[in-house]
Every structure is written in C-alpha cells, then in structure tokens.
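Visitor: Sequence:
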Amino acid sequence: MNPPNPISIEQPKGPSFTIEDEHLVKWANWEFHLKPDARAGVIVSRARVLDPDTGKLRDVMYKGFTSELFVPYMDPTDAWYFKTYMDAGEYGFGLQAMPLEPLNDCPRNAHYMDGVFAAGDGTPYVRSNMICVFESYAGDIGWRHSESPITGMDIREVRPKVTLVVRMVASVANYDYIVDWEFQTDGLIRVKVGLSGILMVKGTSYNHINQIPNQENLYGTLLSENVIGVMHDHYITFYLDMDIDGSDNSFVNVNIKRQQTSSGESPRKSYLKAVRNVAKTEKDAQIKLKLYDPSEFHVINPSKKTRVGNPVGYKVVPGGTAASLLDLEDHPQKRGAFTNNQIWVTPYNQSEQWAGGLFVYQSHGEDTLATWSDRLYLMCLEFCLTRRC
Numbered sequence: 001m002n003p004p005n006p007i008s009i010e011q012p013k014g015p016s017f018t019i020e021d022e023h024l025v026k027w028a029n030w031e032f033h034l035k036p037d038a039r040a041g042v043i044v045s046r047a048r049v050l051d052p053d054t055g056k057l058r059d060v061m062y063k064g065f066t067s068e069l070f071v072p073y074m075d076p077t078d079a080w081y082f083k084t085y086m087d088a089g090e091y092g093f094g095l096q097a098m099p100l101e102p103l104n105d106c107p108r109n110a111h112y113m114d115g116v117f118a119a120g121d122g123t124p125y126v127r128s129n130m131i132c133v134f135e136s137y138a139g140d141i142g143w144r145h146s147e148s149p150i151t152g153m154d155i156r157e158v159r160p161k162v163t164l165v166v167r168m169v170a171s172v173a174n175y176d177y178i179v180d181w182e183f184q185t186d187g188l189i190r191v192k193v194g195l196s197g198i199l200m201v202k203g204t205s206y207n208h209i210n211q212i213p214n215q216e217n218l219y220g221t222l223l224s225e226n227v228i229g230v231m232h233d234h235y236i237t238f239y240l241d242m243d244i245d246g247s248d249n250s251f252v253n254v255n256i257k258r259q260q261t262s263s264g265e266s267p268r269k270s271y272l273k274a275v276r277n278v279a280k281t282e283k284d285a286q287i288k289l290k291l292y293d294p295s296e297f298h299v300i301n302p303s304k305k306t307r308v309g310n311p312v313g314y315k316v317v318p319g320g321t322a323a324s325l326l327d328l329e330d331h332p333q334k335r336g337a338f339t340n341n342q343i344w345v346t347p348y349n350q351s352e353q354w355a356g357g358l359f360v361y362q363s364h365g366e367d368t369l370a371t372w373s374d375r376l377y378l379m380c381l382e383f384c385l386t387r388r389c
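Start counting the sequence shown at 1; every next residue gets the next number (the UniProt record's numbering).
Rather than coming from a laboratory, the hints here were simulated on the basis of the structure.
Each residue gets a CB set at the ideal place from its N, CA and C atoms; glycine is no exception.
Heads up, some of the hints might be wrong.
[What the hints assert, rightly or not] So the derived label-pair ranges between C-beta atoms look like this: (1) TYR292 - THR371: 22 to 32 Å; (2) ARG307 - GLU10: 40 to 50 Å; (3) SER16 - THR221: 14 to 24 Å; (4) HIS331 - GLU10: 51 to 61 Å; (5) MET231 - ARG258: 35 to 45 Å.
Modelling step: build the complete structure from the supplied sequences, incorporating the hints.
Guide: Given below as structure tokens:
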C-alpha cells in the first residue's frame, strides 16, 4: 500500500485563541480555565460562553475532569484475577502523562502547557508538554442550509466546523489514553477518548485454534502463535459540575413516550410525546440507559427563563450505553460500582469527586459514587457520566 500524501493545514494569521496568565483560554465565544492535575490529567473549569444577544458571558460548567477509569480483565485464574485496575486513581492520569510530540500528537500552531506536581518527597515534578491546545478543522460542516430553487429565493450558506481542542495523553502501562476536550462555536462541549498502545496479553502453548480443546476457556482470543489477548473492558467516568447560568440547577429526565391517537382523531395511529421529570432525590437521577426506553437528559436553571418562558437548559448526552455485567458482589465490581449506571447525579460535596473513592488502592467499595448515591438527599447538582471505551 502506498502511504497517503502529507496533509498540511495552515493558519497564515496564526491561531485564534489566546491564553492569559498561562491558564485562562479565550477562543471565539468561549472562555475557560485549564489546570494540569496529577490524578485527573487535565481539569477544565469556569467554562463560559458568550451570549450574542447580550454580549455577556454565561456560565456553563464550573468544573469537569476524568474521575475514574475502571479496567477489569476477565480472566479469573490465579495469575490474572486481580487485574482489575483503576487507571486514574491508582496510577494518576497526570503522573502517567507523556510529553506531547509537536506535529504528531498536536498540529502546527498548538500551544503547550507543562504539568507541575509534588513528587513523593515533596519536590517539584515537571511533566513538559503535558497538555496542548489547538484549533481543529477536518473538512467537516458546522452548519449549512439551502432553499429550494422552487421558492425563487437564492439562499445558500455553509459554515466550516472549526473547534478548539484541549488534549492530553496518559500512557498507563500498555495503554495510551488520548483525552480531548472539544469546544464548538455553537456552545457544545464534547469529550472524546481514544485508546491506543498495545494489548495486555498472556502466553499459551497453542499455535493454532485447532489445538484448543472444545471445553477449554482461554478467557480471550488466540491472536498469534503462543499469544492470547485477554477479554477486558474500559469504563471511563467524567465528573461534571454544571453551572447553567449559575449554581441553581436541576436535573431533568425527558422520557420519550409513545401516545396513541383516539379513534377518528387523526389518520395517524400514534405519535411521540416528551414527558419531563425533575429529579427530587439522588435515586431519581440514577440513569441506566435503555434503547427501548429512550430519554434525553437536561440540566436546567429553573430560576432563569428564555424569552418565550422556558427554563434555561443544557442537554447532556452520554458517550456510551454500556454498563458492567459483573456480579454486584464481585469484589472488583464493588470497587467499580459507579459502572452500574451511565449517569449519576449527587448534591455537591467537595470530598466526593472521585467515582472510585479518594483512596482507591485500599477501597473495598465503601467510599464510591454508588455509596454516596444511596442517600435520599434533595438534589443540588453535580454528576458523573460513564462510558465504555
């Protein structure tokens, strides 16, 4: 195969973003603060977007970061049963971050930020080029519309999709996690996680699948001669402390229900209706996604209204639909119980930011997001999203 020709994206006038005081990022209609963190990797805080009607910045998110990444391997044998890792809490995304390579990890005109942490002996520990900030354009369309020629209105507009990306890469043992916080001019924040690196494998005497007895469970797949790739999962959970036009926020589950029409009411037999349910307790806001029971999820500010009277809100879209299938009493699942649901919403508590607990190595599941959410407190608002990578 012939390699593709090089692609070069130029910015003759340089990047459009600025970074003040080494941490405050301003780009297009966005403003937010960046902080390297030993455990989370990168923390995005005080994210605000410009309102074109008023010319004022509006609060969107107070703080967002990677809370935990649960990696259970599915081999229960003596040599492997303990391989159920918490990659953020046990290793630290920031401590395992590798220096980003210009022009390969990040494009031309990227800005780089070092991470400075306290080492075990208290001395400063510097991770150079830990975070990069850059503008991204991949030929995608941000918005377009064309009127039909029948109307006689020659209207056609197309806007390119240019986004601002905050990137870091954590190399935890054999896996490299590429974490992108992407900001769009339409007010959307998207978090992307890419997995690279190499598989964790184990040895075997088998060279071909024909040698494997029918009853033997390899707990994985024979990838090459004498090499088995063990089945496993990656569940990444993000902590999002939303501030939609302030801190007075509520969580709304917008359930999409089918409604039947009455006889003779319409040629249609059915239609869809949005049923809005405001969470009153933490139990109300434990969300397990179901394809046959679709919902949207909104964070609203009931004290702030749009010009037509609706509460101001921001839609939250989970990045994945997977939940753990492990037994709830299995020790790894007790530690990783935050994977039982895709969304959890809890009242704000400064000590409850890490989904796997503050001290993950010593955890038996007594200090996790699932434990906190068993309470019946009324909602204030912070929540975690879990996705499978």
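Visitor: For every hint, state whether the structure bears it out.
Guide: Cross-check of the supplied hints:
1. TYR292 - THR371: 22 to 32 Å: holds, 29 Å
2. ARG307 - GLU10: 40 to 50 Å: The hinted range 40 to 50 Å holds for ARG307 and GLU10, with Cβ atoms some 41 Å apart.
3. SER16 - THR221: 14 to 24 Å: Hint violated: Cβ distance 46 Å, outside 14 to 24 Å.
4. HIS331 - GLU10: 51 to 61 Å: holds, 54 Å
5. MET231 - ARG258: 35 to 45 Å: holds, 37 Å
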